[in-house]
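Visitor: Protein sequences, first through last, are from chains A and B.
Residue numbers for the first sequence follow my numbering, so the first one is 520 and each next one is one higher.
Residue numbers for the second sequence follow my numbering, so the first one is 520 and each next one is one higher.
Note that these hints are calculated values from the structure, not bench results.
Note that this is a predicted model, so its numbers are computed, not measured.
Heads up, some of the hints might be wrong.
Distance condition first, Cα-Cα at most 35 Å in a straight line; then the derived DSBU-like pairs of lysine-lysine [what the hints assert, rightly or not]:
(1) A:K582 <-> B:K618
(2) B:K582 <-> A:K582
(3) B:K618 <-> A:K618
(4) A:K710 <-> B:K618
(5) B:K773 <-> B:K735
Number of protein chains: 2
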Amino acid sequence: MAGTNSERTMIAEGPVVILVNPQLGENIGMVARAMANFGLAELRLVDPRDGWPSETARAAASKADHVIDGARVFDRLEDAIADLNFVYATTARSRDGFKPVRGPTVAARTLRQRFTAGERTGILFGRERWGLSNEEVALADEIVTFPVNPAFASLNIAQAVLLMSYEWMKSGMADEAETPFQAVEQTPATKEDLFGFFGHLEDALDARGYFRPADKRPRMIENLRSVFTRRAMSLQEIHVLRGVISSFDRYRRKENDDND
Amino acid sequence: MAGTNSERTMIAEGPVVILVNPQLGENIGMVARAMANFGLAELRLVDPRDGWPSETARAAASKADHVIDGARVFDRLEDAIADLNFVYATTARSRDGFKPVRGPTVAARTLRQRFTAGERTGILFGRERWGLSNEEVALADEIVTFPVNPAFASLNIAQAVLLMSYEWMKSGMADEAETPFQAVEQTPATKEDLFGFFGHLEDALDARGYFRPADKRPRMIENLRSVFTRRAMSLQEIHVLRGVISSFDRYRRKENDDND
C-alpha cells in the first residue's frame with residue numbers, strides 16, 4: 520500500500536518507543552513498521568545486542584525508513600529517558616512495588632493527555648527473552664500490561680509495540696467507531712418506498728397465481744412482508760429488489776423458451 | 520513465558536480466523552501465535568500457496584501448537600465459511616457496495632454479542648500482497664478496517680490478526696481498564712497519617728535549623744507540605760518516607776564521620 524501514499528498525511532508524533540537490549544534486528548525493524556503504521560516515529564535503542572545501524576532491521580521495517588533513520592542509540596536506559604517527563608514500562612509479570620498498573624487503553628489515553636499538554640512521554644519495552652528488570656521498571660512512572668490468554672502469554676516486542684501504537688492512534692480519534700472510509704452513502708427508505716415495493720412484488724406474484732389458496736393469501740402476504748421488514752432497508756436496496764422483480768416479471772428464462 | 524503456563528486457564532473459543540491464499544508459512548505461524556495470545560483457536564486456510572502442513576508455520580507459531588494442529592484447509596472460500604452465521608472481511612481499501620464498515624472495537628463487540636448468542640462467526644484476512652478481492656469481500660456480512668497512519672498503511676496479516684484477536688479479548692472484559700495483575704494493594708493514608716508525617720519531617724528539619732530566617736518559616740512549611748500533598752499518598756508510602764527521615768535524623772553519614 521505504501522506506493523500510493525505520497526500525497527497522504529504522514530503522522531509522526533507522540534510517545535518515544537524505547538527498546539531495552541533488543542536482540543534481533545528483525546524485531547527492531549518490525550517495531551519500526553508497527554510504529555509507522557500508527558503514527559509514532561521516535562525510536563530509541565538501549566545497548567542493542569547486534570549493534571546499530573542494522574540492515575536486517577531496515578529490511579524488516581518495510582519502508583518505515585523515517586523511523587529507522589531517526590533511531591538513537593544509548594548505553595544506559597537512564598540516558599535514553601533523561602529528557603522525558605512521563606514513562607510507562609510494559610511488563611507481562613506482576614512486580615512488587617507501588618507503581619500503578621494500567622491496561623493499554625487507559626495508558627494510551629494518559630499518554631495522549633500528557634502529549635496534548637506538551638509533555639514528552641515514552642514507553643519502555645524489554646528484551647525478547649525476559650523483558651525488563653525490576654530496576655528498569657522502577658525508572659518508569661507507571662506499568663502497562665496487556666490482557667492475554669493466561670495459558671498462552673507470549674507477546675513479542677514487535678507485537679507489544681504494535682498494540683501500544685494502535686491504542687495510541689485510537690486515543691487520538693474523536694470516536695473509536697470512526698473508520699478511515701465508510702460504506703457507500705445510502706438513503707434510508709421511507710415506508711412509502713417500502714409499500715411501493717410490496718405492491719410491485721405482490722402484483723407480479725398475483726399475476727402468476729402465487730397466492731393460492733385464496734384463504735391463505737393474508738398470511739402469505741404477511742410472511743412475505745416480514746422478510747423485507749426485518750431491518751430498515753435503504754432506497755438503493757429497494758431499487759435493486761425492484762429491478763429483480765421487473766426482471767422476473769417481464770422476461771422469460773432464455774434457455775427454457777422451448778419448454779414454456 | 521509459556522513454560523509456567525500449565526496450570527493456567529487456556530482460552531480457546533470465539534470467531535474462526537480464515538486466511539485467504541496465505542503465501543508465507545511464517546505469517547501463518549505468527550497468525551497462530553497472535554490468536555493463541557488472545558484466546559482464539561480456530562484457524563482455516565483457503566488454498567495456502569506453499570501447502571499444508573508447514574514446518575515454517577509451526578516454528579513461527581512459538582508453541583501455539585493447538586492452533587496449528589487444528590488448522591483446516593479448504594480449496595474455496597465459500598466452503599471455508601459454509602458453517603458460519605456471520606462473517607467480517609478485513610480490508611484497508613474502500614469498496615463499492617452497501618456493506619457496513621466498522622472499526623475493530625465495534626466489530627469485536629458485534630462478534631462477542633453473536634458468540635454469546637450462540638452464533639458461529641469468522642473473520643476473513645486477505646493475501647499478503649493485495650488483500651481480499653471484491654468477490655471475496657462480497658461473501659462477508661460486514662467490513663472491518665483499521666485506523667492507520669494515512670501515509671504508512673502496511674499492516675501485514677499477522678498484525679491484522681493480532682489486532683482483531685486483541686480486540687476480541689478486550690470485548691470479553693467487564694471493564695477495559697481491567698488488568699491481569701494489579702499494583703501491590705495499598706491503604707490510602709488518612710490526613711492524620713499525613714499530619715504525623717509532616718510533624719516528623721518538620722521536627723527533624725527544625726532540629727537542624729532548616730527553617731531560617733524565622734519569618735520565612737510559614738512559607739517554607741507551606742511549600743514543603745505542598746510537595747507531599749500533590750497527590751493522595753498511601754500509608755505504605757508514608758511509612759517509606761518516615762523511614763527516610765528517621766535515617767537522616769538518627770544516623771550520620773558513614774564515610775564522612777571524620778569530617779563531622
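Visitor: Can you list which hints this structure breaks, lowest number first?
Guide: 3
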